[in-house]
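Novice: Here are the chains, one letter per residue:
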Amino acid sequence: MSVFEGFRFRHVTSPIHRLDPRVKFLYVLAMFVVALFFIEFLPLLVLFFLQIPFVLVAGVRREWLRSLRGAVFLVTMIFVFNFVFGYFYRTYSSSAVLLEYSLAMALRFLVLVESFSIFFLTTSPDHLSLALEQSHVPYEFTFAFTTAVRFVPVLAEEAQTIMDAQKARGLELERGNFLKRVRNYIPILIPLIVSAIRRSLELAEAMESRAWGATDKRTNLYVLKMKKGDLILIILSIVLLAVAVYVHFFVTIPSLSTFLPPLPF
Amino acid sequence: MIEVKDVSFKYPTGVEALKGVSLTVKDGEFVAVMGQNGAGKTTLVKQFNGLLKPTRGEVLVDSVSTRDVSVAKLARKVGFVFQNPDHQLFSETVEEEIAFALRNFGFDEATIERRVTWALNLLDLTEYRKTSPFMLSGGERKRVALASVLAWDPSVVILDEPTIGQDHRQKENLRQFIVQLNGQGKTVVVVTHDVEFVAECNPRVVLMTDGKVIADGEAKRILTDTTLALRASIVPPQITQIFLGLGEFGLPTDVIDVSEAKRILLDYLEGVNR
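Heads up: the sequence lines are chains P and W, in that order.
In terms of the working numbering, the first sequence is residues 1 to 265.
In terms of the working numbering, the second sequence is residues 1001 to 1274.
In short, the hints are calculated from the structure, not lab data.
Beta carbons: idealized from backbone N, C-alpha and C, even for Gly.
There may be inaccurate statements among the hints.
Claimed, not checked - Cβ-Cβ distance ranges computed for the label pairs, FRET-style:
id, chain 1, residue 1, chain 2, residue 2, range
1, W, Q1241, P, R181, 52 to 60 Å
2, W, D1068, P, A156, 27 to 35 Å
3, P, A204, W, N1037, 24 to 32 Å
4, P, M77, W, F1134, 31 to 39 Å
5, P, K217, W, N1037, 36 to 44 Å
6, P, I186, W, D1068, 28 to 36 Å
7, W, E1196, P, S135, 52 to 60 Å
Using the sequences and the accompanying hints, generate a full structural model.
Specialist: This is the structure:
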């Protein structure tokens, strides 16, 4: 559950927290696009380190590290799959090239997790819904979205309790071959899904009893306004995109293997 | 026997839920762990079957440290019934639900069949054998959860908040059932807020507040101690409150049992009338 931990917002303030969520989202999108632009290792490494100042300024280093740690399993999977399938099904000039490619794919995922983690760690759910609403997304969708986000930690906690309850009945999650292990999760998933459905029905009733949707026009106490910091981030994002496009089309990206001695296999 | 030796426990979130708790639960004992919300009651009993391992100190179950064995292995000895049955029910039928743990522990099919029938009968669930547990009422679901644990006959049974959401009659049934279990030599540990329930059961009471045990002894002594009650934010049983108010008439103030109270009052009234 530690992956979720890295996306959970905590109420602190920093220059990054105060930025307009729409602008932050633009930045995440830019990061996303740029990361998908490249399949080479070096530019992705640059992208990875480029974001670290944000983490430090926002003061969310610990939570951020935790989310990266939570992603380690998937990152390893991506690396292994790319390497193994590349090895058997693709033509490549040397093992080093394949290794670098697989590493790059894993790193790309890490960059994506990194930027989304920064976004969610520094944007309160309230701000997020505000941003959606003021971008003219219908309130029903906004509400559904923020509710989903808000209930992630609740579900994570509940999953933990269910796991405990089943372990107390002798369930061993780590036992057996791969298929058996997947099946081991059925006693966890069924109670979790059933209770999520129950909870959503209860929530719907609670909302209706408080006259949800009685008025069409909603007003907000807070209105989002762009400030100087937001402008800087927009410019940064655009520059990042432009540089990425330029590098992608006009610069030959050096491969790691030109710096390192050849691999023995 | 469960020995808790100077155990401290810190959750990954940094909350220190137990601060140096020492406690011994002997075989065949009946213990109620009480205290306000967040006192560390559930955290303490989760140490008993290894779901949580102490950050400092150690917990020994029959002289084996919980650090050295898996939860599945400990669970064979220490059965734990969770507060909310919905956190564990997942099977298509009540029968399958009860058989789940037995399968995990590797019992053979004949034994499983026998144990399931026995547990269904014990908790008066035989008619629901082939019913989906999701179709049952709250109280029935709770009984299925209880049956699914008792089926493997653990020597220690831990019940987390067993009385929550139960009506009076079910509570009374539960009380009799627990007393009966204890009578058969099982160690029973109950985590609860329910003072009246504890007063009627009259077990040993372990009172916790803020991650520490502040009192440990017979229910009669602890539930009638107003200073302790205040510290652990529990209210003495109603019958005790009456007798605390009647102290000036020379009546005892440490009464928790209704029939005892009746006898004392009748004796007193007889003395007055004479």
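Novice: Now tell me, hint by hint, if it's right for this structure.
Specialist: Structure-based check of all given hints:
Separated by about 55 Å at the C-beta atoms, W:Q1241 and P:R181 satisfy the suggested range of 52 to 60 Å. As the Cβ distance of W:D1068 to P:A156 is approximately 29 Å, the hint placing it in 27 to 35 Å holds. Between P:A204 and W:N1037, the C-beta spacing of about 28 Å keeps the proposed range 24 to 32 Å intact. At about 35 Å, the beta-carbon gap between P:M77 and W:F1134 stays in the expected band of 31 to 39 Å.
Checked against the hint of 36 to 44 Å, the C-beta distance between P:K217 and W:N1037 comes to roughly 41 Å, which is consistent with it. Hint check: P:I186 to W:D1068, Cβ distance near 29 Å, so the stated range 28 to 36 Å holds. One distance hint, 52 to 60 Å for the beta-carbon pair W:E1196 and P:S135, holds here, with the actual separation near 55 Å.
Consistency with the previously given hints is maintained throughout, with no hint failing.
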